[in-house]
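**Q** Here is how the chains run, residue by residue.
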Amino acid sequence: MKCNRLVDVGRRQFLRGGVLGVAGAAAATVMPSGAAQAQSQARAMLDYPSNKLANIADLVVNEPIDIGYPDADSPGILLKLGTSVEGGAGPDGDIVAYSVLCPHKGYAMSYHAADKTLNCPGHFSRFDCEKGGQQIWGHATQNLPQFTLRVDDAGDIYAEGADELIYGRLSNVLEG
Amino acid sequence: MAYKRNIDRLPIIPADAKEHNVTCHYCIVGCGYKAYTWPLKKQGTTDSNWMGQDLSVQQGVDTEAWYAPSMYNVVKQEGQDVHLVIKPDVNCEVNAGLGSVRGARMAENRRSEITGTQQQRLTEPMVWRYGTWQPTSWDDALDLVARVTARVIDKDDEDDLYVSMFDHGGSAGGYENTWGTGKLYFGSMKVRNCRIHNRPAYNSEVHSTRDMGVDELNYAYDDYQNTDTILLVGTNPMECQTNLFLNHMVKGMQNGARVIVVDPRRTVTVDSCEQVAGAENVLHLAIATGSDLALFNTLFTYIADQGWVDADFIANSTFQGDVAVNEDAAHPAALGSFEAARDACKMSLAEGAAVTGLSEAQIVQAAEWIAKPKDDGSRRKCVTGYEKGIIWGNDNYRVIGALVNIGLATGNIGREGGGVCRLGGHQEGYFRPSDAHVGRPAPYIDQLLISGGGKVHHIWANDHYKTTLNAAEFKRVYNRRSNMVKEAMDARAGATREELVDAIVGAINAGGIFSVCVDIIQSQIGQAAHVILPAVESGEMNLTSMNGERRLRLVEKYMDAPGSAQPDCIIAARLANHMERVLREEGRTEYADQFTGYDWETEEDAFMDGYNSAHPEVTYERLRTAGNNGVQEPVTGFENGQLVGTKRLYEDGVFTRHGRDDGKALFCMGSWRGLQAPGKTQQQANHRFLINNGRANLNWQNWFLDQKNDFVMDRFPVPFIQIHPDDMADLGLSAGDMVEVFNDVGATQALVYPEPTARRNETFMIFGAPNGTQGNVINAGTNELMLPNYKQTWANIRKISDATPAAARVSYKSWEVEL
Ligand code: SF4
Ligand code: FES
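Chains as they are written, first to last, in the numbering used here: chain R, 1 to 176; chain E, 177 to 995.
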């Protein structure tokens, strides 16, 4: 499974000419002597912990559960939306998880159940939990980091990755 | 699914990275940033880095030790690939470390061969050859421009050369580049048929305040922090001057200031003010569109009648007498004394309420917040900001004059916590020879082009196709006229340069136009060009500009120009060199002599030749030292190793902007006269919807870089129009549907965004988009001084398509925060 994702991510980055090409995957073509350095760190987009967040049975529609991912210092929410969305996990395709640190200046956001948005008290940015964390309006220059979820046969929900840089860390998986 | 970069780590800035001062390229606020560059094969680590901090742990809110992927790129510096991070500067007084959704994407919006960003940037001069554009050398391209231009102009006979040239700072403007183009067209030549980047004539957008003696940028941003009332008119600073709002206005509210917002629309600014100050301290005056003048004249009358004026200030600093300047073709209202203006502007509460649609109580409340002395008898301080809502609205001259009247009457100009200022679009950075020969009213260039005027057109970073009024007709005519020249050139493929120039001149004499575009990207009007010349932006060159509180800074060059692109000032100098050479060859020696004095090799040479000649204490070296806090103009000296500036204009009560020797400010005597521009009343009568229009947070200007920015285009793949849900139901529209907006002058398209706070039959469409030119439905009517009137536009709306696939995927939820 991890292997497939590797291929996927690699292809997407290649087509986009994304920055990752410099920092990680395509390092060999750009900076051969940097390859050893890259190896000593966790591999970009790959080496995420697989953390159990909850079981499907714990979820109540439209009531987020606080989580920390990839570690306890990175707060997020796990949420069952009640309607299937693109990128939603679980049997109903409606379970999502996001970082709640606003990617503008890192204020902790709150969930507004009436329209399923995350809202920032810092400078009033807001993000749509039904649209992959798209910034509806705001100051951040990225959409909200969404955590990749896997649900196993027992209904346990695991987070296994993130699709944007989390505020306050230059590597989503912290490195010592 | 929203656009995601799938970047989960960034290279760490090493301790020895190079650091450059950067002022944001985009809006007038001019936030300070730092650009860090370092070699590709180097990297900081979590324990050894530019911050000297432990980056192996989560950083806290507002940290300086984080940057977003949008703040990172790989660019060329002196031929080498380097990492680049451009991040907000916590030590800059303007923004105190805040970025915005525009500025914090500067790095990502640099051209990179490695990461593939902004491949749309022009890198080589191009000429029309063999039926398309072909790359060529600078000398070849400039020779063609000079030869054709020389055929249509002569000494004291330059009316067939039309010039569209930016006059702004920041971006690719600034003192260097306005001087380069200014010296060429207003020094070596005296070109009269010219216009500015965003409007169809060469004029001021704020003639009246200047004629009254009050420069439009007269305060310091921290006046918003030390005031009792913030009056915002036709401006939406949370979106359009973001960090002025967040770092100054918000602090003012936190210090107790109340806010009045005059805007027919409930903007994000209104909501944000309510969040910060509490709804009870925010007064939103949702006036009928275009009725600002009636509101200000009513407020002025009421405030004066109550005696809430600064009598000493009026006596000492304003004109005493009756009329100082008569109303005439160059002055859409007379100017004179306070009492003369009271007579001319008199409007009762009942009249004001009837025209604006407000209640009398609302107007009284606004007057009290602006001018009523406090309980202890002390003066109330009020700072006023205004922008396109009135600048590009009904009766520009009189409206701005009426607003400045209130500031003058209450003694709120030249004092702490005061000021009456435009909030601005770009930064400023204007230094040119006199434009007096252009005249006033200035020629309405875009209409002249439509009616066949002009033979050669030099265009410096203007895109009329996206940002003019009456744009549909302009495009039709300009395409036809420029195509005549293209066809003539195609017909002479294989001819000598001399024969080619003859063919071009033949076509322009038959009604065609020869079009030269200097720009950083292939613009839409550039589709019509015969020669395209690549320019650079700030950061790719050293560039000086000033912000909305006259704060002058030098952006230090941190990367190479794309390909062979050049600063505009250097392009102007090389064009002058070629003009001189061609004219000498043709034996026109006396005229050729006018094109000397352009031996500049660098932008600093242009700066010294221009700005420094009038401000000898200001040099690059001293500005580098002044850093991101720079110095506020006018600079008055150099002491103890530092430039000395001016925090606030007119603190001595002497007003000078009009050039009067007595130093007395004038009041504006403009009475209310309904919708002033031709065609507006009729358009209103014949169409259902108001098509209010303007900018939004996300999109900078005409989206020239944003149109190739995935994050931006993912959010709004096509321009939006906000419509009330009940109006949507009437028209059978769903969120995201593509509609056509059409009226008597043209049509354009937009996606439907439901806006429950909109008034019925009043919409708002974003301006300047590449794929839905809002200007197509703006009629040609301007005020007497050729200022366009965008805001008062009416049209009908019909569905033309379901949402495009990209538009169907985006969020249509409210922009108002829910905390
Ligand atoms: S507020 Fe204006 S100057 Fe500041 S970062 Fe944003 S666009 Fe740039
Ligand atoms: S921190 Fe969230 S909007 Fe600024």
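Simulated from the structure, these hints should not be mistaken for lab results. In this text, a Cβ means the ideal position worked out from N, Cα and C, and glycines have one as well. Heads up, some of the hints might be wrong.
Claimed, not checked - Simulated coverage check for chain E against chain R, where a stretch passes if three residues somewhere in it have a Cβ under 8 Å from a Cβ of chain R:
1. 227-237
2. 529-539
3. 816-826
Claimed, not checked - Below, a sample of chain R positions facing chain E; criterion: calculated Cβ distance under 7 Å:
4. Arg43
5. Asp47
6. Ser50
7. Lys52
8. Ala54
9. Ile56
10. Ser84
11. Gly106
12. Tyr111
13. His112
14. Ala113
15. Asp115
16. His123
17. Lys131
18. Trp137
19. Asp153
**Q** Tell me, in ascending order, the numbers of any earlier hints that this structure violates.
**A** Numbers 2, 3, 4, 5, 6, 7, 8, 9, 10, 12, 14 and 19 - these are the hints that the structure violates, sorted from lowest upward.
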